[in-house]
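Colleague: Okay, here's what each chain looks like letter by letter:
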Amino acid sequence: MADKRVSADEVVGELRSGMTIGIGGWGSRRKPMSLVRALCRSDLTDLTLVSYGGPDVGLLCATGKVTRVVCGFVTLDSVPLDPHWRAARQEGRVALTEFDEGLVYLGLQAAAWRVPFLPSRAGLGADLVARNKDLRTIDSPYSDGPYADGADAGASFVAMPALRLDAALVHANRADTAGNAQLLSPDPFFDELFLGAADRRFVSAEEVVEAGTLAEHGPISSVSIHRMLVDGVVAAPGGAHFTACLPEYGRDEAFQRAYVKSAADPESWAAFRNRFVDVDDDGYRRAVAETVEETA
Amino acid sequence: MTETVSRATSCTVACAEVWRDAGEVMASPFGTIPALGARLARATFSPDLVLTDGEAALMAGTAPLGAGPDAYTLEATMTYRRVFDVVWSGRRHIMMMASQVDRFGNQNISAIGPPDRPKVQLVGCRGGPGNSVNHPTSYWVPDHSPRTFIDTVDVVCGVGYDRATAAGPGALRFHDVRRVVSNLGVFDFGGEGHSMRLVSVHPGVALADVVAATAFPLAIDGDVPETRRPTDAELALLDELDPRGAREREVKS
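Chains as they are written, first to last, in my numbering: chain A, 2 to 297; chain B, 843 to 1095.
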């Protein structure tokens, strides 16, 4: 079996400016923050992000990597709004293609299944349809016969287009060298679909173990990402910090507050960026540990 | 009926009433007072309601607000991917918040101002579009004013009656925007052409205050009653379910 271990820099080396990148997790939960910081440090620009948005979106907007975000929301969960995202939007720096969060799911699923769209009621009557000239509706092709439902006679549905991704980045609790990955946190979110929708697929993990040994660490049902979905595996202990990565760690609320405060003015952001973004993972862990000591 | 009841308690009872006779559906409350209202409904008149733990599972029993995982047991998994199965099956009644809501029940939580460069970027439409055309949807507005109860919302997230009608039968089939609860009163869409109608005013609120705080004309049928006051048993339950009085911080009396 192929050994798919790579470094974060090797992942970035597979990416190009202008790409559409999907990022797993949800809000401020199990985000691949180590890989996100590697993107922030790169010379990539003009990225389109597809995300159940959290601080991944905020950081990449604040570092000028993003021109468009495709999402249903951006939130930090315990803090309702991400100030870096708000600033990027309110200053007109980043465009938004807004979908119902269920439509994002269908778009990823359509891409993973290689169909051009999936139908839904979600979006009918809403501005996400009315204001998106690229988004189409479709009449049900079943007006009679066994699949017809009289109550939907004449009905149109949103044809949610496949959200094809040039690359996907997700963070797992554990992965093996062959690319299987284990999700032990209570919700696997849509990580599997982000990988399925993408041409280049990368998983960072708290721990990388020998191929075929993940079942020793939890029920086989927790190994929900199989190696056919993964091109590269990155060992990243603490790699979701400051977002939650249960059961290893919860959200670092104090650090998240510091992230929020860093949006207050350019000086605060420069200091935060210098200390926590423009550093490698070892430097990041040291800086976080020092912060904990300072506030203890 | 002269005993005082806090405004937050009236709002909680009004939110609980949203789930009366809901049966075995998932109640998805956003905001402190709706979360407490859903718990109150389940602990009393709607025992079959299904509540989530706010993470990825369904919660057995009715735990107090803010209680940790030790205070309740879980009854089934409910990951976000599975939530959409519930949404699109219709077995849910959500109470979302609204930064703006209009006369026909269109809701905005996305942004204020022009779409390309909003004056205020909010959280995003979330599941509002899909919720409102798939299952009963109600809204909670803790700060009723002419800026929140507005003539035209800046972004239609949750779909109101006029927009659902214009979108056709696919949107209308399961469309059911049920109620709006604000810090001033309770509203439904029983007015002309499914326009917003005042159902009740909370104790201590004058009808004129509700009208003045609303930017569009409200339908008002005859004498408007006061929002139901809690029973003694409900007040005792609220002490258990909200031991720190979190509801009083969301809405001041």
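No wet-lab data here; the hints were simulated from the structure.
This one's a predicted model, so the numbers in the text were calculated from it and none came from an experiment.
There could be a bad hint or two in this list.
If you want the footprint, here are the derived chain B segments under chain A, 3+ residues with CB under 8 Å [stated by the list, open to error]:
id, stretch
1, 991-1001
2, 1057-1068
Estimated spans, in silico, between C-beta atoms of each pair [said to hold, decoys possible]:
id, chain 1, residue 1, chain 2, residue 2, range
3, B, P906, A, S269, 34 to 40 Å
4, B, D1063, A, S222, 39 to 45 Å
5, A, E291, B, D890, 35 to 41 Å
6, B, P906, A, A154, 27 to 33 Å
7, B, E1068, A, T98, 43 to 49 Å
8, B, D993, A, P81, 21 to 27 Å
9, A, E15, B, G896, 34 to 40 Å
10, B, A1054, A, D200, 36 to 42 Å
11, B, G1035, A, G14, 55 to 61 Å
12, B, P956, A, A149, 41 to 47 Å
13, A, R287, B, A1054, 53 to 59 Å
14, B, D890, A, I221, 54 to 60 Å
15, B, D890, A, E208, 41 to 47 Å
16, B, D863, A, R287, 54 to 60 Å
Even glycine gets a Cβ: it sits at the ideal position worked out from N, Cα and C.
Colleague: Are any of the numbered hints broken by this structure? If so, which, sorted upward?
Modeller: 2, 4, 5, 6, 10, 14
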